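Asks: Let's have the full structure, built from the sequences with the hints guiding it.
Each chain, letter by letter, is given below.
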Amino acid sequence: MDDRIDDLIRDEARDYNEPPATPTEAMWVAIAAGRREGRKDGSIAPIVAEVPIARSFRPSVLPFFRLGVGIAALLALGIGIGRWMEHGKSVQAPAVAQAPATRMPAAPTDSGATAVTPRPEEVGRELASSASPRTPRGGSPAQFVSRTERRSGAEAAAYDFALSQHLGQSEAFLTLFRSSVRSGRVDPVAYASARQLLSTNRLLLDSRAGADPASRQLLQDLELVLAQIAQLNTAGDSSDVHIVTEDMDRGDVLPRLRTAVPAGI
Amino acid sequence: MDDRGLIARVLAGDATAERALYDAHVDRVFRLVYRMAGDLDQAQDYVQETFIRAFSRLADFRGESALSTWLGSIAISVTLNGLRKVKRFRQREVALEDAAELGRVTREAEPDLKTRLHGAIDALPPGYRAVFVMHDMEGYTHEEIAASLGVQPGTSKAQLFRARARLREALADFVTD
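Protein sequence lines, in the order shown, are assigned to chains W and A.
For the first sequence, the working numbering assigns the number 1 to the initial residue and increments by one for each residue that follows.
For the second sequence, the working numbering assigns the number 1 to the initial residue and increments by one for each residue that follows.
Hints are supplied without guarantee of correctness; some may be wrong.
[Unchecked claim] Coverage of chain W stretches by chain A, computed from C-beta distances (three or more under 8 Å per stretch; other residues unrestricted):
hint, segment
1, 7 to 16
2, 27 to 37
3, 171 to 179
4, 252 to 261
[What the hints assert, rightly or not] Pairwise CB distance ranges (calculated):
hint, chain 1, residue 1, chain 2, residue 2, range
5, W, Gly251, A, Ala66, 36 to 44 Å
6, W, Gly70, A, Arg4, 45 to 53 Å
7, W, Arg216, A, Arg4, 41 to 49 Å
8, A, Ser68, W, Leu205, 40 to 48 Å
[Stated by the list, open to error] Pulled from the structure, derived: some chain W residues nowhere near chain A, Cβ distances all over 12 Å:
hint, residue
9, Met85
10, Gly210
11, Gln231
I should point out that these hints are in silico values taken from the structure, not numbers from a laboratory.
Because the structure is a prediction, the values reported are computed rather than measured.
We treat Cβ as the ideally placed atom computed from N, Cα and C, and that holds for glycine.
Replies: What follows is the structure, encoded as structure tokens:
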């Protein structure tokens, strides 16, 4: 019985997603362009994550809102840390120059040198106070530099993560959009999705994630494409839709997104 | 020229060797990716990404497996990642749609055997589907599949067995009829 069904399955499955002729030349042109782009900015992402075999995809109740809230929270965190750092810098700057003139009593160390241990509440007061230069309450320049580097690293990681998530979402969206245009079935939801992505894109452009010239250029090109899609409407002229996809192809937006997004995002 | 010679020339910066290597393997990679993706645009995208990654990491290829197997592993990884992203995005779009639209389910005529089978293959977990497509449709051996998916040959056999069992289950009433 099982053998009979297996034979049937093998016979009937032969034309499952039967491949057409390989579009060799068209793909080669895109590969050559992608290679040039990758060489130019060195951004070809390594294969960092393999998809686990037979991984189950856990459906979530509101994936869209969860993702949106996640990205917004990361952005807010990044911006908050950035502002905090800016504030901190203006307080810390004179600390380097005036370190010998510390007002607070210093704790003696084993070597006899004085090392000042800043209390958390003091650091908080420093950062919360005005940005006018004043004598620092404590902390050696080396300690400040080390803390600054740590904060800076965490901040950069938060922005990188938010940027990768956004670029990954945009890549998936544009892939689907292009496919639906070619098949002549553009879902009206696509325009709403484009508006959502456009908002995130603008937030990222105005944040530290947009400071890197390569990322900024990509975000700007992406903004143009997303804005064009968002302005289309369900009754829009189909030639407008094709103009958008042509712009996408001309700017190599999708290949650039793919090289910018690490595998696994 | 064999793969080893081509690889050496590609690493030396020979652009014609890059093209020769691509020509030698693109059909097999495209067939596999298309079977998995089922969409020409997506398949093209995944094949392009496969070769871009392969060329950029060719220096890391140690020759422990055949080049075709190594390319197959990149292609499967890229395709499953891409399909996962598309699936996630589709779930997002569904969340945006009007709930009333979702509730409007129509009972369609019972699909024929082929349609039912293709639907059942689509519904297999990605790993099972990859093994089924590679073995039963594209003729890969369990050793090649294992190397491509980073699993043991025994795991590949077990996944194929389970995939077929699920398909049998999905078609059981057709056969008894």
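Asks: Can you list which hints this structure breaks, lowest number first?
Replies: When the structure is compared with the hints, none of them turns out to be violated.
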